[in-house]
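S.K.: Spelled out, the chains give:
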Amino acid sequence: MIRPGKAVLFVFALVPAVWLAAGLYRGELGANPAETLQLETGIWALRFLLASLAITPLRRLTGWNSVIQVRRMLGLFAFFYATLHLLTYIVLDRFFDFSRVGEDIIKRPYITAGMFAFVLMIPLALTSTKGWIRRLGRKWQVLHRLVYISAAAACLHFLWKVKVMIGEPVYYAGILAVLLGFRVVWRFRQGARLRRAAAESGPHKPYPAN
Amino acid sequence: MLIKRPTDIKSSDITDEQAYVRRREFIRLAGGAALAAAAGPLLASCSEDPMSALAVTGEQAPLTSVRPRVVATDEKLNSFEDITSYNNFFEFGTGKNDPRRYAGRMKTSPWKVKVDGHCAKPAEYLLEDLIKPFELEERIYRLRCVEAWSMVIPWVGIPLSSILKRAEPTAKATFVEFTTLLRPSEMPGQNQPALTWPYVEGLRMDEAMHPLTIAAVGLYGKTLMNQNGAPIRLVVPWKYGFKSIKSIVRIRFVDRMPRTAWSEANPSEYGFYSNVNPEVDHPRWSQRTERRIPGLFQTHPTSMFNGYGDQVASMYAGMDLKKFY
Numbered sequence: 002m003i004r005p006g007k008a009v010l011f012v013f014a015l016v017p018a019v020w021l022a023a024g025l026y027r028g029e030l031g032a033n034p035a036e037t038l039q040l041e042t043g044i045w046a047l048r049f050l051l052a053s054l055a056i057t058p059l060r061r062l063t064g065w066n067s068v069i070q071v072r073r074m075l076g077l078f079a080f081f082y083a084t085l086h087l088l089t090y091i092v093l094d095r096f097f098d099f100s101r102v103g104e105d106i107i108k109r110p111y112i113t114a115g116m117f118a119f120v121l122m123i124p125l126a127l128t129s130t131k132g133w134i135r136r137l138g139r140k141w142q143v144l145h146r147l148v149y150i151s152a153a154a155a156c157l158h159f160l161w162k163v164k165v166m167i168g169e170p171v172y173y174a175g176i177l178a179v180l181l182g183f184r185v186v187w188r189f190r191q192g193a194r195l196r197r198a199a200a201e202s203g204p205h206k207p208y209p210a211n
Numbered sequence: 040m041l042i043k044r045p046t047d048i049k050s051s052d053i054t055d056e057q058a059y060v061r062r063r064e065f066i067r068l069a070g071g072a073a074l075a076a077a078a079g080p081l082l083a084s085c086s087e088d089p090m091s092a093l094a095v096t097g098e099q100a101p102l103t104s105v106r107p108r109v110v111a112t113d114e115k116l117n118s119f120e121d122i123t124s125y126n127n128f129f130e131f132g133t134g135k136n137d138p139r140r141y142a143g144r145m146k147t148s149p150w151k152v153k154v155d156g157h158c159a160k161p162a163e164y165l166l167e168d169l170i171k172p173f174e175l176e177e178r179i180y181r182l183r184c185v186e187a188w189s190m191v192i193p194w195v196g197i198p199l200s201s202i203l204k205r206a207e208p209t210a211k212a213t214f215v216e217f218t219t220l221l222r223p224s225e226m227p228g229q230n231q232p233a234l235t236w237p238y239v240e241g242l243r244m245d246e247a248m249h250p251l252t253i254a255a256v257g258l259y260g261k262t263l264m265n266q267n268g269a270p271i272r273l274v275v276p277w278k279y280g281f282k283s284i285k286s287i288v289r290i291r292f293v294d295r296m297p298r299t300a301w302s303e304a305n306p307s308e309y310g311f312y313s314n315v316n317p318e319v320d321h322p323r324w325s326q327r328t329e330r331r332i333p334g335l336f337q338t339h340p341t342s343m344f345n346g347y348g349d350q351v352a353s354m355y356a357g358m359d360l361k362k363f364y
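So the protein sequences, as listed, match chains A and B. Residue numbering for the first sequence follows the working numbering, beginning at 2 and increasing consecutively. Residue numbering for the second sequence follows the working numbering, beginning at 40 and increasing consecutively.
Each hint should be verified, as a subset may be incorrect.
What the hints assert, rightly or not - Cβ-Cβ distance ranges computed for the label pairs, FRET-style:
#	chain 1	residue 1	chain 2	residue 2	range
1	B	Gly-357	A	Val-171	17 to 23 Å
2	A	Leu-25	B	Thr-103	52 to 58 Å
3	B	Gly-357	A	Tyr-26	51 to 57 Å
Claimed, not checked - Each computed DSSO-like pair below joins lysine-lysine, with the alpha-carbon atoms no more than 30 Å apart:
#	chain 1	residue 1	chain 2	residue 2
4	A	Lys-162	B	Lys-135
5	A	Lys-164	B	Lys-146
6	A	Lys-108	A	Lys-164
7	A	Lys-162	B	Lys-160
8	A	Lys-162	B	Lys-146
If you are wondering where the hints come from, they were derived from the structure by calculation, not from laboratory data. C-beta atoms are modelled at their ideal positions from N, C-alpha and C, and glycine is treated no differently.
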């Protein structure tokens, strides 16, 4: 069954892509349409990535548990826009000159970071199906922690690209820091709680060996 | 009031053909020979949307007696819309559309330019007086931005050397320093720490005196739009665009290499010379190719000295341009 909330989100998430395609077709993307396409697809990839990372804090802070249902879709849209973003680079910037693409990946840190962020998203997108979630069991959660590294690399990619570090790239890096900060704090508190519980129950007694 | 052109150049050679046809159509629609006459030079500049260009008629005065095409190229000109809507002018924000959006607030009249430093006749001029003694020239130059995009732009201006010689620089003058207006109330970007304000640029004396270097006051036969650096800006076509400082209020003869805005912000990425050079990468990206606006593909090969090597390369003979980037 398709839930109405998910259907609405799906349509909304496609709006930027449709808007860009229409703008390109009608010549309304400004004097440098290639740059507009590249910047917008990249920013939307980052926004969806951050939105997917906001789901867990949102649940814990508000108790709105059903919001988990859209997390996978947010992640897949991040991958979708990241793919388009990569294509703008390979096709519009380098026109399939893969020796130059390779050179860029090796020599230019912002491209290294961007490519790294993208590559990390591939296994996450591939294992996002119900079948893979079941097959991988607990390992799925561990694997999907790669998203933290991917998001950090994506933020670095943006920060390293711009000529002066003000405005949007800094805001997004800040948002990521907050989203990851929640997790660090919770992990820390959870550790403290476990230690406290362990201390209250006294020294650990090993089971007697038979 | 029209820019006088030699009769052998049809205006259709200069404006792209579609725009030319649309312009005819617009003039017909607009009706009235008076309006057509008034808008003629402006419309010559407009290829995208006649109406948006019409909105500026009130502000952009046509420039009279301009010597046409003193330096030209057979490459296709960028449209007035491209040139006035896609700008790097961080005084108005770091987005490419910010200058068009916010530059209207900058008051450009009256405008004074101080010429001082090591010279016999330092003076502060009203813009009109600075320009009046000299004949305006149309110069169609390629502009290569350090960000790997480029345009072809029909500037109107005077050789910078005319202004400099009038001040009679002394032997101590080995460099020229230029300063942009500092007025945060009208230039919102100056309230952000993107660069150290005011923007400062510089040229070596021989570069400043070079016949290709101009002080531009117009574009497409009309006075400059604010987003393009009104009312007076530098254009140095063989260097990356950021060397061509906008909205100049001071020209100073100095005896040492001046600090420049970008090399101060990031010395490893932006040198003093900043000659267009496909062999020297920006540390973060390649400079081998460029995207000719409004093209989609970044496949246009970048030329040494932006294609002006025949005229300027001798100034750098013997210099290691990898070191002096």
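S.K.: All hints, please: hold or fail.
M.R.: Hint by hint, here is what the structure shows:
1. B:Gly-357 x A:Val-171: 17 to 23 Å: 43 Å, violated
2. A:Leu-25 x B:Thr-103: 52 to 58 Å: 41 Å, violated
3. B:Gly-357 x A:Tyr-26: 51 to 57 Å: Once the Cβ atoms are compared, 52 Å apart, the range 51 to 57 Å for Tyr-26 of chain A and Gly-357 of chain B holds.
4. A:Lys-162 x B:Lys-135: 15 Å, holds
5. A:Lys-164 x B:Lys-146: 28 Å, holds
6. A:Lys-108 x A:Lys-164: 18 Å, holds
7. A:Lys-162 x B:Lys-160: 45 Å, violated
8. A:Lys-162 x B:Lys-146: Given pair Lys-162 of chain A, Lys-146 of chain B is violated - Cα atoms ~33 Å apart, limit 30 Å.
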